[in-house]
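Engineer: What follows is the residue order along each chain.
Protein chains: 2
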Amino acid sequence: MERSKARKLAEELVNRMTVEERAGQLRFDAPAIERLGIPAYNWWNEGLHGLARGGTATSFPQAIGLAAMFDPELLERIAEAISTETRAKYNALSSEEDRDIYHGLTLWSPNINIFRDPRWGRGQETYGEDPFLTSVLGTAFVQGLQGEGNTLKTAACAKHFAVHSGPEALRHSFDAQASLKDMEETYLPAFRTLVEEAGVETVMGAYNRTNGEPCCASDFLMEKLRGEWGFEGHFVSDCWAIRDFHENHHITEGPVDSVTKALKAGCDLNCGCTYEHVMHAFELGRISEEDITRSCVRLFTTRFLLGTLGEEGSEYDSIPYSVIECPKHLELSHKAALEACVLLKNDGLLPLDPGSCGTIGVIGPNSNSRASLIGNYHGTASRYTTVLEGIQDMVEGKCRVLYSEGCALGKDRVEPLAQAGDRLAEAAVTARNSDTVILVLGLDETLEGEEGDTGNSYYSGDKEDLLLPKSQRLLLNRVLAEGKPTVIILMAGSSIDPDGAQDRANALLLSWYPGAYGGKAVAEILFGKASPSGKLPVTFYHNSALSEMPDFTDYSLNNRTYRYYSGSPLYPFGYGLTYGNCCVEAVSGGRNSVQVVAVNKGDMDTEDVLELYLHDEGSELAPPNPVLCGFCRVKLAAGQKRTFEIKIDPNAFTVVTEEGKRIPGNGPWTLYAGFGGPDLRTRELTGNGSASLYIAEEK
Amino acid sequence: MERSKARKLAEELVNRMTVEERAGQLRFDAPAIERLGIPAYNWWNEGLHGLARGGTATSFPQAIGLAAMFDPELLERIAEAISTETRAKYNALSSEEDRDIYHGLTLWSPNINIFRDPRWGRGQETYGEDPFLTSVLGTAFVQGLQGEGNTLKTAACAKHFAVHSGPEALRHSFDAQASLKDMEETYLPAFRTLVEEAGVETVMGAYNRTNGEPCCASDFLMEKLRGEWGFEGHFVSDCWAIRDFHENHHITEGPVDSVTKALKAGCDLNCGCTYEHVMHAFELGRISEEDITRSCVRLFTTRFLLGTLGEEGSEYDSIPYSVIECPKHLELSHKAALEACVLLKNDGLLPLDPGSCGTIGVIGPNSNSRASLIGNYHGTASRYTTVLEGIQDMVEGKCRVLYSEGCALGKDRVEPLAQAGDRLAEAAVTARNSDTVILVLGLDETLEGEEGDTGNSYYSGDKEDLLLPKSQRLLLNRVLAEGKPTVIILMAGSSIDPDGAQDRANALLLSWYPGAYGGKAVAEILFGKASPSGKLPVTFYHNSALSEMPDFTDYSLNNRTYRYYSGSPLYPFGYGLTYGNCCVEAVSGGRNSVQVVAVNKGDMDTEDVLELYLHDEGSELAPPNPVLCGFCRVKLAAGQKRTFEIKIDPNAFTVVTEEGKRIPGNGPWTLYAGFGGPDLRTRELTGNGSASLYIAEEK
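Chains as they are written, first to last, in the numbering used here: chain A, 726 to 1424; chain B, 726 to 1424.
Some clues are possibly wrong.
Pairs count within a copy or across copies, as identical chains cannot be separated in the list.
[Unchecked claim] Computed cross-link-like contacts, DSSO-like style, restricted to lysine-lysine with a CA-CA straight-line distance of at most 30 Å:
id, residue 1, residue 2
1, 1372, 1386
2, 1254, 1123
3, 949, 1254
4, 1209, 1053
5, 1123, 1060
Just so you know, these hints were derived from the structure itself, not from any lab.
Please model the entire structure based on the sequences and the hints provided.
Structural biologist: In structure tokens:
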């Protein structure tokens, strides 16, 4: 359905409502208007990496892991699956008259904020630290959710608009200061792309203020969104963010004032309850009927676009309940978990041979943890395979598997009455009785997550530093001291510094929060049933780098993220090994696209990610380091050579002025093409095949 | 080692200690005495159904489920396995100088209290409501733990001595009033048997007072224990129970007074910290050196019996770490889970045929819950199979399995922001899309457990009634309304009244908290790979029966437990169906033993439990109902007939006077022999094969 038609239908319907009825529809839990045949509708639903909080659904890797796939095609298919399941659940439950929260068709995903600081607890929800990657992946996700049908399959939401990345503890009162250059260069591109190119139906405002204005009522941001970019969908506040105007930001006098400010700025829908004061504001003459009607029409336009009102219905009304966790969707989750895992180190121990690795000791608090599979904003899978279970299943009948929890995830002891380190001796004995040790460490949403959302140890949800919790550092040392061949599995949603353990262990595999199939995928990689191929969508810093960076509250990009960081990272953005040995032999082409000749010189088939980085050598306004301008997930059999055509992001040839104006760069440009790392001058560090250089023509 | 020799060694060693050193050894966390070569020793360890709280160990069904096996031989082998693993862990960890809590050789198990009231949260830890069954099973467990070697493999503990069964909320200040007749007839027999026949090394005193005296310093109880029964082991207080003397019972003035009372009464070891005041009491002249020495010698006698002191060591010192969760032990757990499950109803739906049951809907909050596998006082298994996982594995490639959590276990909604019943519609839709429904309901240790030990909803740990939580009752009704063939699986540690749902469902299977293999065992039973054979070790009452019973705080046996209950139970003590049809054809013999001719008239092989009940028809002092006096787990192939010889408990021919004196009964006695139920006059209710009668000779 054309938006213009939906809008017309919306206008007609809204026209038949009283002002009070219209005002009521601006709440996330919009009531029924029975006389007009309008059912109740709860706008709040989540689908970050699978339909979330709404019961059984296919569980995919957490968003940061989905980003590590560097695979927009697969991501789009995942989003399609999420959308299909959301429709199926909506079809089934609305027919039961269950129209509650988390059962609707408006998914408040994806989170396209830039993972600016490695401590941010919600960074796991994002596609990492690069605006181009975030734009490409966000577009794929939105297109997958919304579909290409006559009606929207579901409505996607670009959040949190804009300049939002912690600290969590301060989010309700914080004023993020971002330069116009950083906005245009880093914080806004993905939002712009999702509006202009992906046609995202919803944009959610952030909790914080940005440059003094609350993001849910920011003239600057709204002018970008609806003015410059032509956004025609609806705008929703983050949950209880409008209450923050008066309670925490102290920029309004009270609820009526906050409602007035938000509605007049164009915040159509309130997640929270402050819009219960809309009629009060109207009666006081603070807002007009037109203010209310405008937002109401936008919201009903979305409902008509979804085909949930009117006689025509939606082509998705017939999606049956049986699609939920259907084999096709489960296989997507499995494939995603395989693609998401990033191999950070391998001295040759991997892949393991179950026939020759003897007794396997699986040790660590995330070994048998379901929580570490799922991250935050998750649904309920009907089967979870933990890393321990995946290994057990893989070697059944071939090896004995010993297990020790080793320590509590974040506390100093497992048993409250015991002394600190009450599982360390067991862990050491387990390692001693094993021929190969798999140490499964990391975090879960109790240690990194959202403010106020979980029982996380720091409450705010952010990490204090990049180290593993102390309990796990003690475990690492105790187990590594046994001197057995050791693989470390890291399960986390952000940059972790193992503090030297990576040098003492034989291999280091990062699984992120890999979803319900995570343990199966990790085991398949450990035992060579699949080659790892994920790449870091964030820089893995040394913990000491925190002291070189701006403060957590400082939104300057100076010395943050791979484009601006001047130090030597622990593992760079884009990094990730395979069991193959993919190299670039030649690159040619021009500004629009390049042809890259790549070969797998190894003896194992693998997928890998061909990455292009561009550096403007002649513009002082350009980021100091080469920036990602194109990438392509490729499959290369052992010995196979292929040529790949890759498009280059045209933005890469532009630069941004201090006033936030995007202008052509000066050049000349150096284009780097290779596998496994952004700084292709440090190939000897990444060790993942050779790279080639190419000087682009001057404009 | 003979106790006399161990005692002599203990006396010699204690003789070399200062009084202060001796006093220090009466604490559960006894410090090292380096000058005498005595290592630190923490007496507190647990092994109720697997080594508990001490890391990885084989997880067996909760004790109430172990009782439902009616299989002392298997229980003894399980206890052997627990003991072997405890030794292995002790050997490994003490060599690492880890001598902390839960790593020692003194297991504070079994719990042989009588499950007097069906609301008691810790009833799950017991062997049920019958003193004879408890005595037989407790003996098997203690013998399995302690072994028959030259040294004790581990030391078992009979607890909580005596007359202890809730309410949990009152336990620190409660005074249980028990008649002398009830003590001799019900509360004390198992303790006496474990001392006199099983040679239990440790007895633990209860928190409460009994008839005015605190159980950890009761002259009446101590006279029974050490006087009448000749107990020579050591006596330990329940944890922080001696502090209760002054803080909660208010029967002493303060710590010194409490220490004096306990030590003089013969409480050798203090779990808690009140015995830190022993030296203070000594210095004040309240206790003598002899008081301290006596207890210290008893404790070191146990340590010498365990072979942990002295040059000889123990034959168990060489048990390797590899026995922990070894295949033999895991198979015991699997077998126990199969034997523990009690089939309460089956209209013929079971066993299911995976080839013809179509799509299976698994619904309910315990479907995929690990917590519901383990009950309280549990260790850490390296693999848990939930009911959902067991079913998935069983039908893989044959049936589709749909899953819905259905509701939160004890709360009214799964998602905090949703409306109550937020998974009910999903559950209904799941049922509608299924051909067969498996509803997995019940409790876990958050809803029934120990006071102060868990985050249980009622905090006290006791149940308020016998109904399922309201959320689950709503789920039951919603799902049953779909009218699909439905099996209810109950996972709980106590009597549950499904409130009529059992009549509407096709089958009802009680799994208790079945241990790490629980889901596998349940699936094997559901799909006919095994025939269920467990029997109720407690009466399953109608919830309305609570109003007919004495108050929870009333320890009179009047109208409590199957021996005294005058009402009609929901399912009687001893009840449990199989897929066979085992019947008794004849019984003959005398007072010592009987010969029972039994036949399996069904067409499936099965195990079953042959039960003997005796009723003294001529003694007014006898319990009103027939009492269990013998039993035998038997295996009968389809069509097979066998004769079994079963011994009769000689106590069954005695009665107890109001003064607590056990005297010969008058007779005549009626002996009932049959399968599946105590009240063999209601065979038509139990429907599990016929029974025979036998009039015993008069004395």
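Engineer: Now tell me, hint by hint, if it's right for this structure.
Structural biologist: These are the hints, each one checked on the structure:
no.: 1; hint: 1372 x 1386; verdict: within (24 Å within a copy, 96 Å between copies)
no.: 2; hint: 1254 x 1123; verdict: both (15 Å within a copy, 25 Å between copies)
no.: 3; hint: 949 x 1254; verdict: neither (48 Å within a copy, 66 Å between copies)
no.: 4; hint: 1209 x 1053; verdict: between (40 Å within a copy, 27 Å between copies)
no.: 5; hint: 1123 x 1060; verdict: both (25 Å within a copy, 23 Å between copies)
Hint compliance for this structure: hint 3 alone is broken.
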